[in-house]
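Given only the sequences and the hints, what does the whole structure look like? Please build it.
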Amino acid sequence: MSSEVFAVFDELLRSPRAIAARCRAAGDLRPLFVASLSALVLGAGVFGATLATSRGGLQLLYSGVKLPLALVVTMLLVVPAFHAIAAGLGRSLSFSGMIGLTLAAAGRGALLLVALSPLVWLSFDRGLTYHPGVLLAAACYALAGLAALDLVLKGVGFDARGFVIVGLFAGVLLATGGQTAWMLRPFLGRPSAPSVPFLRQRESSFWDAVQQSSLSSVGVYRVTRALSTAEGRTPSPPGPSLESASESR
Amino acid sequence: MEESFPTIASACQSSLAARLNAPDTRGATQELVRLAAGLGLAALYGLALGARSGGVGLLQHALGASAGLAAVGVLGMPALFVLLSLVNAPVSPSAMLSAGARSLASAGFVLAGLAPSAALLAVTIESPDAAAFVARAGLALAGGIGLFQLLSSVRAMLLELPSEARLKCYGLLFGFSVFAIMLAARVWYALPILKGAA
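Line order of the protein sequences matches chains D and E.
Mapping the first sequence onto the numbering used here, position 133 (from 1) lands on 263, and the numbers just tick up by one.
Mapping the second sequence onto the numbering used here, position 4 (from 1) lands on 12, and the numbers just tick up by one.
Derived from the structure by calculation, the hints contain no laboratory data.
Mixed in with the good hints there might be a few duds.
A few chain D positions that, by computed beta-carbon distances, are all more than 10 Å from chain E [unchecked claim]: (1) Arg160; (2) Gly186; (3) Leu188; (4) Val202; (5) Leu265; (6) Ala268; (7) Leu273; (8) Ala323.
Computed far set for chain D versus chain E, every beta-carbon distance over 10 Å [what the hints assert, rightly or not]: (9) Thr183; (10) Leu190; (11) Ser253; (12) Leu266; (13) Ser325; (14) Leu345.
Stretches of chain D that chain E covers, calculated by requiring three or more beta carbons in the stretch to come under 8 Å of a beta carbon on chain E [to be verified]: (15) 216-229; (16) 301-311.
Quick caveat: nothing in here was measured; it's all calculated off a predicted structure.
Quick reminder that beta carbons are idealized off the backbone N, C-alpha and C, glycines included.
See below:
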């Protein structure tokens, strides 16, 4: 079993097509499950801890635990949607094959995150500040996501219908994964924060933050509730303030 | 490298997805069971949305999510059958029932698949607008896939037709699609979450 698991690790990186074929055949997928889950937990754990080197201390442990947790919870939530979308569009795999494909994709992405971890660590070590650090992390997630979606695409078929299925699945994944990660913030931790919380207080949502950031990027800033109250202005509707949105990753 | 993808027919016949989406035409009772299963699965998505408000909201959303699909099945499918018959399309009541049941079951299955994500998002998103957007997106996705299934099934019945008659049928199908979207949206917009309920 262990030799099979190591062989799958290798396949995850080198032969996504073989992994995809294995999931479609839906034979004995246990080695794939074990290898993918291990890669997911290890890879996301290492990357999470690396992100936290900007803050250090307890944040290293918290982020090393929370990032794998966010990924595993997201996978659990989105697999049924992926299965249903693929079946609805005529690319039905067995449910175990779907779980294998999704886990393998997440594991592949996590292995890429491990590979990117030294670069991220070096960047923080050389003085990369908080906000550029957030952007660097986002770029790493995007790269890992592309590697993962490549495997998923090979699983459902590299054609127009496959692209539609993967596109729809990516939308569900983005919304669900974004919100899950949002609830488990912070991952970087601000250097100026006096203490390290395991979770931030519930505040707004990932969606609101994206909306707020989009508005801010075109020069439209909402007035924060605290500021507006202090200055006697009408508070904005519920949603993250510019300050809180930027602090919350 | 030659790749082969399992079709619905070749997929494991005992799986729920395969049974709901199987292209074969069955007896009326079995088709109605398939239809009912689809509506029941759609109710799961409604329950997930209803978790935002809880209580009676659970029931309201569960019924509402299924009602949108049921409305298309009850009001739209017979009308489509009559209109296609008027232009001499080779459609039979049993084939239309099968196509309708399969498409609604497919939409219900997608809604059920989206339910876990929808529950997380509906419960944790604070903004009513964002929650409504998420709910709408799920309904649109499932409705779109259901409509795609229906159009594929009906188009397969029209392959033997001369091109002029087929063109008329495609026009009718386009009109039906617009009607089905408007009808489902009309029913689904009664859901409290889409009306901005916190």
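Status of each hint after checking the structure:
Here D:Arg160 stays apart from chain E, with its beta-carbon at least about 18 Å from theirs, past the 10 Å limit. The claim that D:Gly186 lies off the interface holds: its Cβ sits roughly 29 Å from the closest Cβ of chain E, which is beyond the 10 Å cut-off. With a least CB separation of 25 Å from chain E, D:Leu188 remains clear of the 10 Å interface cut-off, as annotated. No Cβ of chain E approaches the Cβ of D:Val202 within 10 Å, the least distance being about 13 Å, so the stated non-interface status holds.
The non-interface label for D:Leu265 is consistent with chain E: the shortest C-beta to C-beta separation is roughly 23 Å, beyond 10 Å. Residue-level check passed: D:Ala268 sits 20 Å from the nearest beta carbon of chain E, beyond 10 Å. Every beta carbon of chain E lies more than 10 Å from that of D:Leu273, the smallest distance being close to 24 Å; the non-interface claim holds. Separation of D:Ala323 from chain E is adequate, the least Cβ-Cβ distance of about 23 Å exceeding the 10 Å criterion.
D:Thr183, annotated as away from the interface, keeps every beta carbon of chain E farther than 10 Å; the closest lies near 29 Å. At roughly 26 Å from the closest C-beta of chain E, the C-beta of D:Leu190 stays outside 10 Å, upholding its exclusion from the interface. Under the 10 Å C-beta cut-off, the non-interface status given to D:Ser253 relative to chain E holds; the minimum distance is some 31 Å. Listed as outside the interface, D:Leu266 is consistent with that label: its C-beta sits roughly 27 Å from the nearest C-beta of chain E, beyond the 10 Å cut-off.
For D:Ser325, the non-interface assignment is confirmed: its Cβ lies about 24 Å from the closest Cβ of chain E, beyond the 10 Å cut-off. For D:Leu345, the non-interface assignment is confirmed: its Cβ lies about 14 Å from the closest Cβ of chain E, beyond the 10 Å cut-off. Residues of the segment 216-229 of chain D with a Cβ under 8 Å from some Cβ of chain E number 9, which satisfies the need for three, so the listed coverage holds. With a threshold of 8 Å between beta carbons, the proposed coverage of the segment 301-311 of chain D by chain E holds, since 6 of its residues qualify and at least three are required.
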